[in-house]
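Take the given structure of chain W and dock chain D to it, following the hints.
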Amino acid sequence: MIPYANVAQLRSGLDNGEFSAEELAYFYLSRIDAATDLNCFITVDQEGVIAAAKNADKAIAKKSVGPLTGIPIAHKDLFCTEGLLTSCASHMLNNFVAPYDATVVDRLRKAGAITLGKTNMDEFAMGSSNETSFYGAVKNPWDRTCVPGGSSGGSAAAIAAGLAAACTGSDTGGSIRQPASFCGVTGLKPTYGRVSRYGMIAFASSLDQGGPLARTASDAGTLLNAIEGYDPNDSTSAIADATDFRSASQPLKIGIPAQYWNDLSASLTKVLDEARLTLESLGHRFVPVDLPHTNASTAAYYVIAGAEASTNLSRYDGVRYGHRAASAESLENLYQVSRSEGFGSEVKRRILTGTYALSVGYYEAYYLKAQQIRRLIRQDFLDAFLQADVILTPVAPSTAFKRDELMEDPIMMYQQDIYTTPASLAGLPALSLPCGFSDRMPVGMQLIGPHFGEASLLKLGRQYQDETDWHALHPVYDDD
Amino acid sequence: MRPPTSSSGLKVDQQTIDKLLLLSQLSLLPEDREKLLGDLSSIVELIDFMQTIDTEGVEPLSHPLEVTQRLRADEPETSLDQEQYQAIAPQIRDGLYLVPRVLE
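Read top to bottom, the protein sequences are chains W and D. Each residue of the first sequence is one higher than the one before, starting from 1 at the first, in the working numbering. Each residue of the second sequence is one higher than the one before, starting from 1 at the first, in the working numbering.
Just so you know, these hints were derived from the structure itself, not from any lab. Treat the hints with caution; some may be incorrect.
Said to hold, decoys possible - Some chain W residues judged to face chain D by a derived CB distance under 8 Å, without partners named:
(1) I2
(2) S235
(3) K253
(4) I256
Unchecked claim - Covered stretches of chain W, as calculated for chain D (at least 3 residues, CB under 8 Å):
(5) 197-204
(6) 363-369
Think of the CB as a built atom: it goes at the ideal place given N, C-alpha and C, for glycine as much as any other residue.
Extracted from the complex, chain W is given alone in its bound form:
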């Protein structure tokens, strides 16, 4: 078995009888076991995996195969999984075993996928380095002294290290795209509303969107097809046609917004310029587009995300589920001690920022102002898509940085999201694709599409990956 196989390769191996789903499951479990130092997983479902794999083998024998039958994947630990710990990487939910499955989990299971376990993440998805997890930092498989990015860092690192063929993640301000870039894998943030948020633990409800991380754009599309679609259990779920990404890409006009490129380091510019040349050689052409409110995005994002987080996280009270203080003098004291013990420092900072922005006297200056800027940013994109089919930008201002490098400076950490938050605020789909290396660390490019334009992004991604092999590269270990 090849450790860094993609979903399509595993599909054909299973269908051609090269290996059984059970053999595949044992293979991945042993790889996960051998890579515990990376800290990609919070929970591994040993028994469940083998039982599910045996069932998959029966289905394969009967030729009753779904697109993902027998394919081992893992879920970011904010998707509720019935009977399995869903911690959100927080002390607060260290004991939370969900009584139901998230829609994303349910749909992937119905498509035949096997859940290896739950991947590590930043606590409550708040972070860009996977260092805020209650269960400890995740290491980047390309350089273990570096972060994998965040918040879906465990998912991205697991794929990069060959511990899962694909994973789910969630993206509020870049949490699928930036770790995909840092770990050299492919990640898709779908259009807001494309994928149900039911059973996905809420951080910022007007921004949160679940999506796939995988080795290839084609695999990301296969997972998207399994999880997308209207869900009556999510009132923000959209009715939209399924994403049809399997036909060839048309020649596209690709927008280049100066605001994203002007301050980019020379080393990253060089890598991305190469990617542009490749895209040009494939028949696409570039047009300048203007996104004038880009520089206000970080500020507006941290106000809106903080405000929504402070509201969403008010539910953790030590009464109905989650961490509860061992002893408390009063009801109020129970809330305060349970919450103060249960939340880590970054989560507290975000709650306090959001509370500040929503408090009397500041609401108009901050929350309403941020929502006005959100409209301006969205309008910038709508105008740009009159001139361009998709928009090409960097994913992050750097490659994976060293662990502890930014932990003491929240502002510099927030700045990591500068190229990813605008598409989040506008609710647009965006694809992060590996496109080269800088100082031996992976670099990603971001393709942003119009609302529900995932198919164009995935087709373009497939075409690019047919032409290049950045997505197929993996870290080399002595024992591989």
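Below, chain D without anything else, positioned relative to chain W:
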């Protein structure tokens, strides 16, 4: 490269911290207060950059697709039962969630 900042003149002080902690039902260890004060002051400078943007007459946007949230048909359906929900509660008795005494 640091993000652009601005200052509205509003200062985060110990009193602000106390108010925010009360509103959000959190408490802090004394040794963490100074760090938080510094962090929140920087964050406020970051978000104050918004004040440099002209938003006169711009309608606030709360839903990125500007659609109304869809409601399900108001029909009874089966849900999880009380026992399943309370199986994960820290303290219950006779189907009730227990909290410290509120009335003496």
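Quick rundown of the hints versus the structure:
no.: 1; hint: I2; verdict: violated (40 Å)
no.: 2; hint: S235; verdict: holds (4 Å)
no.: 3; hint: K253; verdict: violated (23 Å)
no.: 4; hint: I256; verdict: violated (19 Å)
no.: 5; hint: 197-204; verdict: violated (count 0)
no.: 6; hint: 363-369; verdict: holds (count 4)
Violation of the numbered hints given earlier is confined to hints 1, 3, 4, 5; the remaining hints are satisfied by the structure.
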